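Engineer: Given chain U, put chain V in place with the hints provided.
Here is what each chain is made of, one letter per residue.
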Amino acid sequence: MSEENEVITGIDAPVALKYNFTAGAAAARFLTQVKKGVLTGQRCPKCSQVYVPPRGSCAACGVPTEEEVELSDKATVQSFTIVSIPIPNNPIQPPYVIANLVADGANISFIHLMSECVNEEVHIGQRVQAQWKPQEEWDYAMDNIRYFTPIDEPDVPVEKIGHVPVSGWEG
Amino acid sequence: MSQPEILNQAFELAYTYTRSTGPVIGRFLTELKKRNIVGIKASDGRVIVPPMEYDPDTAQELSEFVEVGQEGEIVSFAWVKEPREAHPSDKPFAWALIRLDGADVPMVHCVAAGSEEQVSTGARVKAVWAEETIGFITDIRCFELV
Numbered sequence: 001m002s003e004e005n006e007v008i009t010g011i012d013a014p015v016a017l018k019y020n021f022t023a024g025a026a027a028a029r030f031l032t033q034v035k036k037g038v039l040t041g042q043r044c045p046k047c048s049q050v051y052v053p054p055r056g057s058c059a060a061c062g063v064p065t066e067e068e069v070e071l072s073d074k075a076t077v078q079s080f081t082i083v084s085i086p087i088p089n090n091p092i093q094p095p096y097v098i099a100n101l102v103a104d105g106a107n108i109s110f111i112h113l114m115s116e117c118v119n120e121e122v123h124i125g126q127r128v129q130a131q132w133k134p135q136e137e138w139d140y141a142m143d144n145i146r147y148f149t150p151i152d153e154p155d156v157p158v159e160k161i162g163h164v165p166v167s168g169w170e171g
Numbered sequence: 001m002s003q004p005e006i007l008n009q010a011f012e013l014a015y016t017y018t019r020s021t022g023p024v025i026g027r028f029l030t031e032l033k034k035r036n037i038v039g040i041k042a043s044d045g046r047v048i049v050p051p052m053e054y055d056p057d058t059a060q061e062l063s064e065f066v067e068v069g070q071e072g073e074i075v076s077f078a079w080v081k082e083p084r085e086a087h088p089s090d091k092p093f094a095w096a097l098i099r100l101d102g103a104d105v106p107m108v109h110c111v112a113a114g115s116e117e118q119v120s121t122g123a124r125v126k127a128v129w130a131e132e133t134i135g136f137i138t139d140i141r142c143f144e145l146v
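Line order of the protein sequences matches chains U and V. Residue numbers for the first sequence follow our numbering, so the first one is 1 and each next one is one higher. Residue numbers for the second sequence follow our numbering, so the first one is 1 and each next one is one higher.
Just chain U, with the same shape it has in the complex:
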């Protein structure tokens, strides 16, 4: 079929939403600390849960969170997924592992990448640690941590995930 006679069956219909994102007090404080290479959460004064990244309030209790808690860069895998399908404009090539990780000292997970691991051997309760970029590249960004890698520590049982103290997991 010649170019002239080609029948149109589809169109590109991209949608782009342009935001100017303002971090807000809690996230700005968190990112300021991340720039220094420190993960900082906030503790709820009512239920004592430690949130990271902090949002400035406790979603469960509806109260402001002000107490800052410095966390470890060691964490436990709470859940994970192996991504096999490429996402447009995402520079990371599949397959790769995205995991919900709970930092030692925190009760709530955050999302980050896992690497330098055997994807098929990643499991819930696995112990991991942050691999930081060189300090001179640190910015107000969670990708100051390149990814998390497995460490040689015993697995955390499911019921203990989210309850590991900042001093670490003895097994």
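These aren't lab readings, by the way, just hints derived from the structure by calculation. This one's a predicted model, so the numbers in the text were calculated from it and none came from an experiment. Backbone N, C-alpha and C fix where the C-beta goes; we use that ideal spot for every residue, glycine too. Treat the hints with care, as some may be off.
In silico DSSO-like cross-links for lysine-lysine, where the CA-CA straight-line distance does not exceed 27 Å [claimed, not checked]:
hint, chain 1, residue 1, chain 2, residue 2
1, U, Lys35, U, Lys74
2, V, Lys41, V, Lys91
3, V, Lys126, V, Lys81
4, V, Lys33, U, Lys18
5, V, Lys91, V, Lys33
6, V, Lys91, U, Lys18
Using C-beta positions, here's what the derived DEER-type ranges look like [said to hold, decoys possible]:
hint, chain 1, residue 1, chain 2, residue 2, range
7, V, Glu85, U, Tyr96, 30 to 40 Å
8, V, Ser43, U, Tyr96, 32 to 42 Å
9, U, Lys46, V, Met52, 52 to 62 Å
10, V, Val108, U, Glu136, 49 to 59 Å
11, V, His87, U, Glu66, 43 to 53 Å
12, U, Lys46, V, Leu13, 31 to 41 Å
13, V, Glu117, U, Pro94, 51 to 61 Å
14, V, Asn8, U, Pro91, 38 to 48 Å
Structural biologist: Here is chain V on its own, set in the frame of chain U:
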């Protein structure tokens, strides 16, 4: 807690959608690529542009394509003083409902004009084609006053 500095960042959330046109809009776009404008004949004899797949009254499938004129009449319009990024023109222009010759239902497109005063209901306009047509509504770059 010390007062943190305010952090701001531009952020774009983009979805790379593609849409299937279906046979009727597909035909409309295919004709645009060839610099023709087609409508479709409804059960009551009206010619609808852009064409619809189903009759608005009886819901029956429609298939009788009709080529319409490349000139027409402004039925109504809205002048855009300050075009935004997504608009088809970076100069002030009019969005208009244009009833093409041979059509019974007006269609929306933009009208290029030097000023709002030059645009009026009932004014005659004609299609201006893009230099390169690709099978998209922007193949008609705009309408201009005759």
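Engineer: Each of the hints needs a verdict: does it hold here or not?
Structural biologist: Hint check:
1. Lys35/U / Lys74/U: Answer holds: Lys35/U to Lys74/U is near 17 Å, not above 27 Å.
2. Lys41/V / Lys91/V: 36 Å, violated
3. Lys126/V / Lys81/V: 22 Å, holds
4. Lys33/V / Lys18/U: 31 Å, violated
5. Lys91/V / Lys33/V: 25 Å, holds
6. Lys91/V / Lys18/U: Within the cut-off at roughly 22 Å; holds.
7. Glu85/V / Tyr96/U: 30 to 40 Å: 34 Å, holds
8. Ser43/V / Tyr96/U: 32 to 42 Å: 55 Å, violated
9. Lys46/U / Met52/V: 52 to 62 Å: Between Lys46/U and Met52/V, where Cβ atoms are some 58 Å apart, the hint holds.
10. Val108/V / Glu136/U: 49 to 59 Å: About 54 Å separates the Cβ atoms of Val108/V and Glu136/U, which means 49 to 59 Å holds.
11. His87/V / Glu66/U: 43 to 53 Å: 46 Å, holds
12. Lys46/U / Leu13/V: 31 to 41 Å: Hint holds: Cβ distance 34 Å, inside 31 to 41 Å.
13. Glu117/V / Pro94/U: 51 to 61 Å: 58 Å, holds
14. Asn8/V / Pro91/U: 38 to 48 Å: 23 Å, violated
Hints 2, 4, 8 and 14, counting from the list given before, are not met by this structure.
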